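Novice: Listed below, chain by chain, are the residues.
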Amino acid sequence: MKKLLSIYTLSIALLALSIIYNGCDTPAPTELVIDSDTTTEDQVDVEIITKDTQDEFYSNGFDSTGVALRLHNFGSVIVITGTKITSNNITNSTSLGQAVFFDNNSPVRNMNGNIIGFHTFSPGVIKFNNITAKIRQHNVKFNNGSSVIDSTLGPMFVVFSGRQNTVDPFGYNFKSNVSFQLNPDKGPSISFLIPTPDEVTGKVTFSGNRNAKNLKAVLGWNGNSNQKIEIVLGVKVKGSNISFPLYSLKTRDDGKFVVPSQLINSIPLERFDNIIFAFVRRIEFDNGSGSNRLKILSQSIHTIIINI
Amino acid sequence: MKKSVLTLSLILFLFSLKIYSQNSFGLNGFWSMNKKANIMSNSIDGNPSNFSNVKDWAIDLSYGGEFANTTISNLYLLSLAKTIDKSNFYLRYTPGYQKDFIFISGQSVVLNESSTQTLSSKFSYKEIFGVGYSYQINENLSVGFTTRLFNQEFNNEVIEPIFSDSLYFNLKTESENSSFWKTDLGINFTPVEYLSLSVASINLVDISTKKDITSNSVYEIKRPKGAQFGVTLSPYKKLNFNFIYETSKSFMAGINTGLNFENGSFNLSVSALHDNEQSPYITGIVPAISYQTKILGITLSGVKYFRDKNISQSFSVFETEGINNILNNKYSFDKAALTISFRLNTIAEEKAKIINLKIVQDIFPAFDDNYLNRPFAVGKVVNQTDKKISIKPSSKIIGLNKDIIYSPDVFVNAHDTVDIPFFTIVPDSYSNTKNTVSYVDFYISTKTDENDDKLQKPILINKINAWDGKVIHLKEFVKKDADYIIKYAKEILSENKSKLDTLVYFLSTFYKAKILFDNLVKKLVYVADPNATSDYVQFPQQTIELKGGDCDDLSVLYSAALENIGIQTALIDYKPEKGLGHVNLLFNTGLSPQMAKWITDNDSKYFIRKNKIGEDQVWIAIETTSLTDFIKAWELGSEKFNNEALDNFGLARGKVEIVDIQ
Numbered sequence: 056m057k058k059l060l061s062i063y064t065l066s067i068a069l070l071a072l073s074i075i076y077n078g079c080d081t082p083a084p085t086e087l088v089i090d091s092d093t094t095t096e097d098q099v100d101v102e103i104i105t106k107d108t109q110d111e112f113y114s115n116g117f118d119s120t121g122v123a124l125r126l127h128n129f130g131s132v133i134v135i136t137g138t139k140i141t142s143n144n145i146t147n148s149t150s151l152g153q154a155v156f157f158d159n160n161s162p163v164r165n166m167n168g169n170i171i172g173f174h175t176f177s178p179g180v181i182k183f184n185n186i187t188a189k190i191r192q193h194n195v196k197f198n199n200g201s202s203v204i205d206s207t208l209g210p211m212f213v214v215f216s217g218r219q220n221t222v223d224p225f226g227y228n229f230k231s232n233v234s235f236q237l238n239p240d241k242g243p244s245i246s247f248l249i250p251t252p253d254e255v256t257g258k259v260t261f262s263g264n265r266n267a268k269n270l271k272a273v274l275g276w277n278g279n280s281n282q283k284i285e286i287v288l289g290v291k292v293k294g295s296n297i298s299f300p301l302y303s304l305k306t307r308d309d310g311k312f313v314v315p316s317q318l319i320n321s322i323p324l325e326r327f328d329n330i331i332f333a334f335v336r337r338i339e340f341d342n343g344s345g346s347n348r349l350k351i352l353s354q355s356i357h358t359i360i361i362n363i
Numbered sequence: 003m004k005k006s007v008l009t010l011s012l013i014l015f016l017f018s019l020k021i022y023s024q025n026s027f028g029l030n031g032f033w034s035m036n037k038k039a040n041i042m043s044n045s046i047d048g049n050p051s052n053f054s055n056v057k058d059w060a061i062d063l064s065y066g067g068e069f070a071n072t073t074i075s076n077l078y079l080l081s082l083a084k085t086i087d088k089s090n091f092y093l094r095y096t097p098g099y100q101k102d103f104i105f106i107s108g109q110s111v112v113l114n115e116s117s118t119q120t121l122s123s124k125f126s127y128k129e130i131f132g133v134g135y136s137y138q139i140n141e142n143l144s145v146g147f148t149t150r151l152f153n154q155e156f157n158n159e160v161i162e163p164i165f166s167d168s169l170y171f172n173l174k175t176e177s178e179n180s181s182f183w184k185t186d187l188g189i190n191f192t193p194v195e196y197l198s199l200s201v202a203s204i205n206l207v208d209i210s211t212k213k214d215i216t217s218n219s220v221y222e223i224k225r226p227k228g229a230q231f232g233v234t235l236s237p238y239k240k241l242n243f244n245f246i247y248e249t250s251k252s253f254m255a256g257i258n259t260g261l262n263f264e265n266g267s268f269n270l271s272v273s274a275l276h277d278n279e280q281s282p283y284i285t286g287i288v289p290a291i292s293y294q295t296k297i298l299g300i301t302l303s304g305v306k307y308f309r310d311k312n313i314s315q316s317f318s319v320f321e322t323e324g325i326n327n328i329l330n331n332k333y334s335f336d337k338a339a340l341t342i343s344f345r346l347n348t349i350a351e352e353k354a355k356i357i358n359l360k361i362v363q364d365i366f367p368a369f370d371d372n373y374l375n376r377p378f379a380v381g382k383v384v385n386q387t388d389k390k391i392s393i394k395p396s397s398k399i400i401g402l403n404k405d406i407i408y409s410p411d412v413f414v415n416a417h418d419t420v421d422i423p424f425f426t427i428v429p430d431s432y433s434n435t436k437n438t439v440s441y442v443d444f445y446i447s448t449k450t451d452e453n454d455d456k457l458q459k460p461i462l463i464n465k466i467n468a469w470d471g472k473v474i475h476l477k478e479f480v481k482k483d484a485d486y487i488i489k490y491a492k493e494i495l496s497e498n499k500s501k502l503d504t505l506v507y508f509l510s511t512f513y514k515a516k517i518l519f520d521n522l523v524k525k526l527v528y529v530a531d532p533n534a535t536s537d538y539v540q541f542p543q544q545t546i547e548l549k550g551g552d553c554d555d556l557s558v559l560y561s562a563a564l565e566n567i568g569i570q571t572a573l574i575d576y577k578p579e580k581g582l583g584h585v586n587l588l589f590n591t592g593l594s595p596q597m598a599k600w601i602t603d604n605d606s607k608y609f610i611r612k613n614k615i616g617e618d619q620v621w622i623a624i625e626t627t628s629l630t631d632f633i634k635a636w637e638l639g640s641e642k643f644n645n646e647a648l649d650n651f652g653l654a655r656g657k658v659e660i661v662d663i664q
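In the order they appear, the protein sequences are chains F and Y.
So for the first sequence, our numbering puts the first residue at 56; every next one is plus one.
So for the second sequence, our numbering puts the first residue at 3; every next one is plus one.
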């Protein structure tokens with residue numbers, strides 16, 4: 056009997072060891088798929104806008120349009136914007152229509168010979184809602200080695216109203232249309248209507264402590280669809296009026312979003328004293344390709360500047 | 003009133019509990035809560051009270067696989083159980099009790115216009131190990147608890163912006179995890195052999211030992227409090243119907259049966275699951291087949307879910323509902339498991355048990371032959387196994403037996419209860435002249451070297467001359483002192499040899515009896531029992547040595563003298579209406595009825611009775627208390643016999659009884 060027990064014991068022990076040795080897999084996982092009913096707060100596409108934080112090239116357009124548009128990426132750009140800027144609980148509204156036509160045959164290069172943009176040109180007379188746009192110079196700044204260079208790219212067509220004085224009688228009406236008309240120097244004129252989105256009104260709530268690196272920004276807005284909304288997270292350089300965008304966050308336009316805490320807490324606050332949130336609800340049209348590529352943007356923007 | 007309020011409160015409490023999914027799920031299904039069942043899964047899944055039928059040591063190992071996209075096998079559990087007296091201890095390690103979820107978290111990093119990096123997350127839920135304890139209060143009632151350690155880990159890939167001369171993203175993994183102990187209590191009750199009941203808590207005590215969770219708290223395993231109720235019905239020994247119901251409105255119902263096969267048994271079980279959190283109504287089944295021997299058990303089981311097999315599931319559903327059972331949830335895959343059970347029993351198994359024992363007669367040392375033929379005690383013994391067994395009963399009466407006295411073996415069918423007789427032997431050397439209260443150790447065994455059960459009972463050992471007043475037992479006194487009486491009788495007959503030699507051979511019996519009686523009466527006197535009781539009888543030698551005795555002493559002596567020289571005798575028991583009775587004797591003259599005239603012409607002085615071989619022969623009655631002479635004693639004996647036995651119909655009415663010595 057004892058011998059039988061020993062054989063059993065040995066057999067079982069060997070079998071057990073063998074199974075344990077070969078049995079260290081983990082059970083198969085279940086794959087979960089994010090669907091339209093998912094309420095998780097952090098569905099977002101994150102993109103760095105300003106890769107070089109010393110380079111203020113990107114700052115152009117932030118002030119004027121309230122959003123970081125890399126206009127030079129397109130052949131021609133028409134942008135109409137209804138903007139609200141909230142700072143210190145005061146909100147100012149502006150309306151802006153812009154049209155820029157880049158000449159792809161006239162690049163702007165830095166000292167290394169790399170193309171950083173293109174010069175612009177004037178194709179004729181531009182009208183927004185039958186208001187003739189004024190021609191302004193499209194100025195940019197960029198680092199060129201150790202120095203900052205101011206450069207003029209060429210003409211830019213602008214209608215603008217708002218702030219302290221109304222420059223043009225142009226008004227950006229939400230959920231409506233803005234007419235665009237181009238009367239070229241030669242040939243027939245071109246006109247079309249650009250639809251406008253719902254007005255966006257955002258709200259930013261902070262919780263946590265920035266010193267404890269657990270600052271959390273909860274964003275709310277009047278969400279209206281399952282379309283995407285872009286939230287541009289920018290900063291203002293301490294002691295200056297220079298501000299520039301850092302990240303583009305594209306998420307569902309459902310009215311609520313918690314900014315990934317790493318994006319807030321990693322901002323070096325010794326260099327920046329304001330965080331800027333720009334809620335951008337945009338309608339885009341894209342036409343053509345290459346140098347003939349026309350980009351039309353119609354956008355409602357609410358920019359909130361927060362002093363931290 | 004208070005009890006009613008308490009019961010009502012308990013019912014309301016149970017029904018107020020929220021509805022959650024099934025907890026009572028085991029890889030091997032739900033076999034039985036009956037200890038006599040063929041097999042009972044040695045697991046605490048669905049058995050929070052740690053109810054166990056392990057007799058000593060038990061080691062269980064479950065290995066199996068999940069049928070997902072690919073079949074992945076792993077060790078589900080390794081467990082150890084030990085029973086000490088009425089306590090059972092259980093410990094298990096469960097590396098296979100794990101459920102992982104992976105998903106694209108929803109965050110994407112746009113690297114450039116054509117390249118996007120998506121971030122993923124992995125959630126892991128594990129049961130690491132568990133311990134259990136149960137205590138068997140009595141054969142019908144057991145209480146116990148189990149406690150289990152769980153761990154949850156949430157790994158999320160996140161982007162960390164790095165500000166230097168340039169701004170870029172660093173991809174890293176953030177982990178949050180927590181551990182908690184879950185403890186439950188339960189009671190198992192077996193009111194009757196064929197019915198077992200259980201009640202246990204679900205998530206009664208929940209203690210977090212480590213909690214480092216902030217943003218993922220919504221995904222923690224759900225641990226709602228509840229209760230479960232189980233019942234096992236065993237209409238036949240090899241058939242069990244099992245049902246377990248949870249306050250979550252989930253249940254498991256199953257049947258298990260078995261068939262003995264050589265040294266083991268084949269067992270089949272199938273359990274159906276209804277999980278209130280899963281669909282369809284019968285969520286799945288757990289079939290199992292098992293082969294069990296005393297030492298080794300092999301169980302092959304599986305879980306088959308009836309829902310569609312879908313590897314990808316909706317995150318939104320998971321986010322809303324979560325999971326509350328690692329092994330059985332709406333994301334579980336079909337499984338198969340091979341469980342090897344090893345039982346090491348160093349404790350002798352109690353196959354048979356004495357459930358009652360009765361002393362049916364006190365010990366009268368003089369009646370030694372009586373205890374070889376009639377039991378002095380009868381025990382009610384139950385076979386606790388599912389096989390026919392041979393039970394060897396034995397006993398030892400302290401102060402009487404030097405050794406254990408074995409009684410005949412008794413075969414008992416499986417789970418049957420029988421009356422087992424205990425016999426004993428009174429040694430010839432026993433000579434205690436005082437009544438003694440002693441003890442008997444009773445044993446029953448199914449092996450030669452180990453007792454299955456034992457019991458001690460007090461017993462009265464009467465003094466050596468004690469008699470119970472039953473004339474039939476005087477035979478035992480007649481048989482004593484044979485050597486002495488033979489010698490005594492032969493000496494007397496030798497002295498009368500010349501006289502006996504002159505007789506015709508067929509009268510020698512009559513004259514031998516006459517010579518012996520006449521010789522005895524010269525030496526003896528009749529002495530009435532001084533205590534006027536009938537509990538003391540002298541052995542033949544004592545009567546001769548004491549030179550006297552009462553009617554039973556003298557009848558015993560004369561009967562012994564005749565029997566030892568080959569003369570057949572019978573005692574005549576004259577039963578009284580009240581008070582003391584009387585004893586004298588008949589002896590067989592060996593004469594045929596036709597030859598009775600050779601001893602008497604008076605036909606009222608003899609009686610025709612059959613001898614040992616059925617022949618009619620002449621018997622005469624002797625009044626042994628008449629110590630005048632043989633003729634007088636014959637006359638008185640005949641007269642009393644005629645009067646009481648025949649004329650007053652004593653024999654017919656049972657008032658007179660003839661007790662043959664041989």
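By construction, these hints were calculated from the structure, which means they are not laboratory data.
Do not take every clue at face value.
Straight-line alpha carbon distances no greater than 20 Å define the calculated EDC-like cross-link-like pairs of lysine to aspartate or glutamate that follow [claimed, not checked]: (1) F:Lys293 to Y:Glu159; (2) F:Lys305 to Y:Glu159; (3) F:Lys268 to Y:Glu159; (4) Y:Lys394 to Y:Asp455; (5) Y:Lys398 to Y:Glu452; (6) F:Lys271 to Y:Asp214; (7) Y:Lys577 to Y:Glu493; (8) Y:Lys482 to Y:Glu497; (9) F:Lys271 to Y:Glu159.
To give an idea of the chain F side of the interface with chain Y (calculated C-beta under 10 Å), a few residues [to be verified]: (10) Ile103; (11) Arg164; (12) Ile322; (13) Ile359.
Ranges of calculated distance between the beta carbons of each label pair, as one might list FRET restraints [unchecked claim]: (14) F:Ser66 to Y:Leu151: 28 to 34 Å; (15) F:Asn238 to Y:Ser166: 47 to 53 Å; (16) Y:Asp214 to F:Ile89: 23 to 29 Å; (17) Y:Lys390 to F:Ser66: 27 to 33 Å; (18) F:Lys230 to Y:Tyr283: 20 to 26 Å.
Everything numeric in this text was worked out from a predicted model, so none of it was measured.
Even glycine gets a Cβ: it sits at the ideal position worked out from N, Cα and C.
Novice: Now tell me, hint by hint, if it's right for this structure.
Specialist: Hint check:
Between the alpha carbons of lysine 293 of chain F and glutamate 159 of chain Y the distance comes to roughly 32 Å, so the proposed pair goes past 20 Å and is violated. A distance of roughly 18 Å separates the Cα atoms of lysine 305 of chain F and glutamate 159 of chain Y; the hinted pair therefore holds under the 20 Å criterion. The straight-line distance between the Cα atoms of lysine 268 of chain F and glutamate 159 of chain Y is roughly 18 Å, inside the 20 Å bound, and the hint therefore holds. A threshold of 20 Å between alpha carbons decides the hint, and for lysine 394 of chain Y with aspartate 455 of chain Y the separation of about 11 Å falls inside it, so the pair holds.
The straight-line distance between the Cα atoms of lysine 398 of chain Y and glutamate 452 of chain Y is roughly 16 Å, inside the 20 Å bound, and the hint therefore holds. Among the hinted pairs, lysine 271 of chain F with aspartate 214 of chain Y is consistent with the structure: their alpha-carbon atoms are about 18 Å apart, no more than 20 Å. Between the alpha carbons of lysine 577 of chain Y and glutamate 493 of chain Y the distance comes to roughly 35 Å, so the proposed pair goes past 20 Å and is violated. The straight-line distance between the Cα atoms of lysine 482 of chain Y and glutamate 497 of chain Y is roughly 24 Å, outside the 20 Å bound, and the hint therefore fails.
Proposed proximity of lysine 271 of chain F and glutamate 159 of chain Y is supported: the alpha carbons are some 18 Å apart, at most 20 Å. Below 10 Å, beta-carbon pairs count as interface contacts, and isoleucine 103 of chain F has one with chain Y at about 6 Å; its hint therefore holds. Hint status for arginine 164 of chain F: violated, given a least beta-carbon distance of 20 Å to chain Y, over 10 Å. For isoleucine 322 of chain F, the suggested interface contact is upheld, since its CB lies about 7 Å from the closest CB of chain Y, less than 10 Å.
Against a cut-off of 10 Å between C-beta atoms, the interface hint on isoleucine 359 of chain F is violated, since the closest Cβ of chain Y lies about 20 Å away. A beta carbon spacing of about 31 Å between serine 66 of chain F and leucine 151 of chain Y agrees with the range 28 to 34 Å that was offered as a hint. With their beta carbons about 49 Å apart, asparagine 238 of chain F and serine 166 of chain Y fall inside the hinted range of 47 to 53 Å. For aspartate 214 of chain Y and isoleucine 89 of chain F, the Cβ-Cβ distance of about 25 Å falls inside the hinted range of 23 to 29 Å, so the restraint holds.
Restraint check, lysine 390 of chain Y to serine 66 of chain F: a C-beta distance of roughly 30 Å satisfies the suggested window 27 to 33 Å. Taking 20 to 26 Å as the suggested C-beta distance range, the pair lysine 230 of chain F and tyrosine 283 of chain Y does not conform, at roughly 50 Å.
The structure shown violates the earlier hints numbered 1, 7, 8, 11, 13 and 18.
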